[in-house]
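Novice: In case you want the letters, here they are:
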Amino acid sequence: MERHGAQRHRVLALLKEAGGVSVASVQRIARETGVPEADVWGAGRFYELLSHPDVERRVCQGLTCQLFGAATLEGTKVSCLGQCDRAPVVLGRDLGVVHYGMPRGGVSPADPDLPMDLGGPDTADYAGLARARELGVAGVLDALAAAGLQGRGGAGFPAHLKWRSVSEQAVTERYVVCNADEGEPGTFKDREIMLRRPHRMLEGLAIAAETIGAAAIFIYIRGEFPEEKASLQRALAEADAHLGHLDWRFVDGHGAYICGEETALIESIEGRRGMPRLKPPYPTVQGLWGKPTLMNNVETLACIPDILVRGGERFAALGRTEPGTKLYCVSGHVGRPGVYELPLGVCLDEVVDAAGGYVGTPRAFSPGGASSGFLPMSARRVPLDFKGLPAHGSMLGSAGVVVLDDTVDMAQAALWQAVFFEDESCGQCAPCRLGTQLVRQSIGRYLGTGDPAHFAHLDEIAWEMDQGSICGLGMVAALPLQMARRHFPQDFGPRPPGATMTGGGPA
Amino acid sequence: MSDTFPLVIDGQTVQARQGETVLQAADRAGIQIPTFCNDPRLTPSGACRMCLVEVQGQRRLQPSCAWKAEPGQVVTTASERIEKHRAVLLSMYLADHSQDEAGQAADIATGNKLRAYTVDRDDLLPLAPVHSPRVGRADDNPYIAFDPDRCILCARCTRYCDEVEGVSAIQLVERGGHTTIGTAGMVGLLATSCELCGGCIATCPTGALFEKKADPAPDPDETIVRSTCNFCGVGCQVDLRVRDGRIAAVEAPPPGTTVNDGNLCVKGRFAYDFVHHDERLRSPLIRQADGSFRQATWPEALERVASGLKKIRDRDGGDALGFISSSRCTGEENYLMQKLARAAFGTNNCHQCAAT
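Chain order of the listed sequences is A and B.
Numbering-wise, the first sequence is residues 165 to 671 according to this note's numbering.
Numbering-wise, the second sequence is residues 2 to 357 according to this note's numbering.
Be careful, since some hints might not be right.
To be verified - So the derived list for chain A, only partly shown, Cβ under 8 Å to chain B, looks like this:
1. Y290
2. A291
3. G591
4. R597
5. Q605
Hints are computed from structural coordinates only; laboratory data are not their basis.
Where a beta carbon is used, it is the ideal one built from N, C-alpha and C, also for glycine.
Okay, chain B solo, but in the shape it has when bound:
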């Protein structure tokens, strides 16, 4: 049995895989369907209504993010009805959104899909601002900020926090126009189960969640440098957003493209200040007789360490030594460390600081 089957999207025959949604099948065929609330890591919620399409035989428009592709299905993603739906829905979202002086959805460095979808449209309705009565929430955590007036309530952040992180620090609270993203007791994130992974920022499509210490203003000259996070041995890929030779923020590459699937931890995402820190060590230092440090070369420093270790071994035996490797080491480096301990110094006293 073949594991793919054909369906027709916008007159084009598309091969879908078993279990795929219409959105996924269309995406692989190069047919773009706009969506806010879809994140491939999460159970589809169909809540943002942006991806509604016509499915033959269905009276109502259906959310392509949740609608399973079926053999022979005929789907339309572009029609007068769908265009009208998108134009009015986007107009409504815009009327409830922070706007810049030009009346466009406010831009932000991490991108605002509402702006991207609306900025070139000339069929939007000039609606009066809605001013939904959302409650605010003070939050003194150092990293994650939330602007309810940029939130479209797609609930990607709350679903991510639950389904991917297993943390559930945030949830939809209140009802109707009052609905917003909150915590139990509406306290700051530090007083919740939040691990400050910042995944909510990454999944937010409109920049309602953003990093406190990163400049929110977009910069066209910004470059992205792909690198590997060196906080531990997992090897998460990071995209460094670089401005003027300095790291402006750290993001995960898109879900599905690297080993970390769009995820990072609190250190990988936020602890990048050391890179440009004044006190960062850039060469080995050797302590002098008066207690002060002087700069040294690597060969000199390593020679100093080796001779010191050998001296202790020769005087007190290998078990007088202990070897601790950093949690930032890779598996290979940890292997070499224990090899050094056992083979060169004859002791089993070796440990890795992440192995509690």
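Looking at chain A on its own, in the form it has when it is part of the complex:
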């Protein structure tokens, strides 16, 4: 049990400062914070950057990096680093990129009509914040509703409902949290916003905080994004005249994909292992330290200023099948990987067209990160939006689009995704902890022996992972394998032991 007045929320930051988890650092931090030693140890050992702090080379094992030869690079294997447009990527000891396959990817050309306009200048006039003050709380909520803005973190939940729910809570001590823990394999849009348009995001946060009456603003930023954090801090200092009256707190992530899940993120801010909570209650009712908490993704927040300045209706009209523009991250076998702002609901062909076209013969794609599984090219004209993709057994998620050409062995691709989910499962609930291991093991055994019998009970296991898991990670972790098996059965038949299949035939 922690001491009365214990400062648990400092534990992870102190461990980082101390250079990671060691017996000595844990004893000292336990004494200093009043948190039991076992809790400090258990929390620290949860996070990759705290449990393995001194790594010379972290080699990204994300799908795109694997497509471009990550397996041939020397170093410690780590989960997707969010640099898919530069694949394959290696981070050095200070978490800076020390090796990449290509320079940083492209963005849409400057166009002032675009809400995000990643290619344009990063204006910092804070006109949206001024407009929000004119509109008042009800006006801001109405504008958000008119914009039809859906959460850009992956779930697509209507933003105005979240904001309204928090602002209607009886408890007046409230928090705003920015989820900048981008980590879905294939996704690097928030990274570009934080680097190119940090003021947009900060302005969105300021508007959120004033609208719901937040006591403090927390920015939980991925640990592997030191450059992005510096960019935000620089922007915060520049805009002090507009933002200085608010209480801003930066909280580092420490290498755990699951902390992108909102309740795991809250646990992490509180200094605990990033294990998702049971829902309900939702964070809007009981979030950070049990208080009503508004949590939005970087991109969601960055949409807000434009919605207030130019109106919700205008924003909504920019979409095709659903409201607004959307940042699509494109990587894999395309001409110019990058982040492209397009009407929400464009199809794969249009997204890839913006990204320089297909390279080679496309065979499969992942529309929204590892969690969205794989689709065949017969789905190339399906609108990539929140409501339509579930009908295809997939989802838009974070819109991390990865294109795979016909040289890719889909069983191998499924294995890469399975390894990711196994490594990033928090371990709290058995369907996910055991299911991710069973999925990865079955693909590994199949690839080793060529015997499809190793998939014998995968349908039931995948069903249970979906039905029984506490959070979304476990629910989707079997999707890449299951969708690859469904759409590319020729890659999952009997094959010679250890053989690689490409394009449905032997390599």
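Dock chain B against the given chain A, drawing on the hints supplied.
Specialist: Structure of chain B alone, referenced to chain A:
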């Protein structure tokens, strides 16, 4: 306002009390829902997923241990969906668990709920062993052993250690398949804040935590004898597990049934060796002139003590005497001791060894 309300569980109208969970309401109505991670003394964690039920209006299955009962709620605890869920989940647990020669979850004297839930099922999947990459931990403490391969990570032990004992010597460590129960630095319990109360053993549903010196093999002829712990005056109830007339282990009766609510301390749970010890005193001994002891009767021994005490009082006064009662005495016995000191010998020199 009535403090109970009706809800429907499996078509049966059940009265729930305010604040009760679905699991509690079902349990009182005689509807059994299987669970690993629930312990009524602990905040529900909903982590083991065994107790998932269907709640009308909820798309997803919900953990009945954490889901609050509400008036008019309609809950289903038995359906094709729930049976499939249980069968697959149990198959997965079994694939990650120590098994006996018959492929069943390993049995242990303290009981293994995974075995109980799986042994009669014919709908389990024959999954290949998972071999989760858990790290082991050497521990030379005399009482508490941990076998990670019997652990299902329900975290009852870590939550008990925190929420009930307030000790937090153990915690979940690592992540994903590596997750296990550990200590700071993965040291033995003697090097931690652990008080060796053994409550972790008692709350463990699968026998992953067990008593080092007790025989782990189940014995069908074992009998349970309810008794009162005599190590102090609290009056904790104990269930003595007796084999061949000897105490094989000491357990607390189930939580919620006796004053100690399922808890015991290190002495009550583990210090039972004296009962059958060769050197245990079974009758009074009187020291003879040559320093050796001879057996005596109680009347003779008490007479000897009384006369000795009176002799000192008469020679040097009552304050030359001091009376110390054992921490094993009850409140009543302590009262009598001070009465003896004050009334019979006229001194206030009395003390109780637990009153530091």
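Novice: Would you mind marking each hint as holding or not holding in the structure?
Specialist: Hints and how they fare:
1. The closest approach between the C-beta of A/Y290 and any C-beta of chain B is roughly 41 Å, which is over the 8 Å cut-off, so the hint fails.
2. Hint status for A/A291 relative to chain B: violated, with the closest Cβ pair at about 41 Å, above 8 Å.
3. Residue-level restraint check for A/G591 holds (minimum Cβ-Cβ distance to chain B is 3 Å; threshold 8 Å).
4. Checking A/R597 against chain B: minimum C-beta separation of about 6 Å stays under 8 Å; hint holds.
5. The beta carbon of A/Q605 is positioned within 8 Å of a beta carbon in chain B (closest approach about 7 Å), and the interface hint is therefore held.
In this structure, the earlier hints numbered 1, 2 are contradicted, and the remaining ones agree with it.
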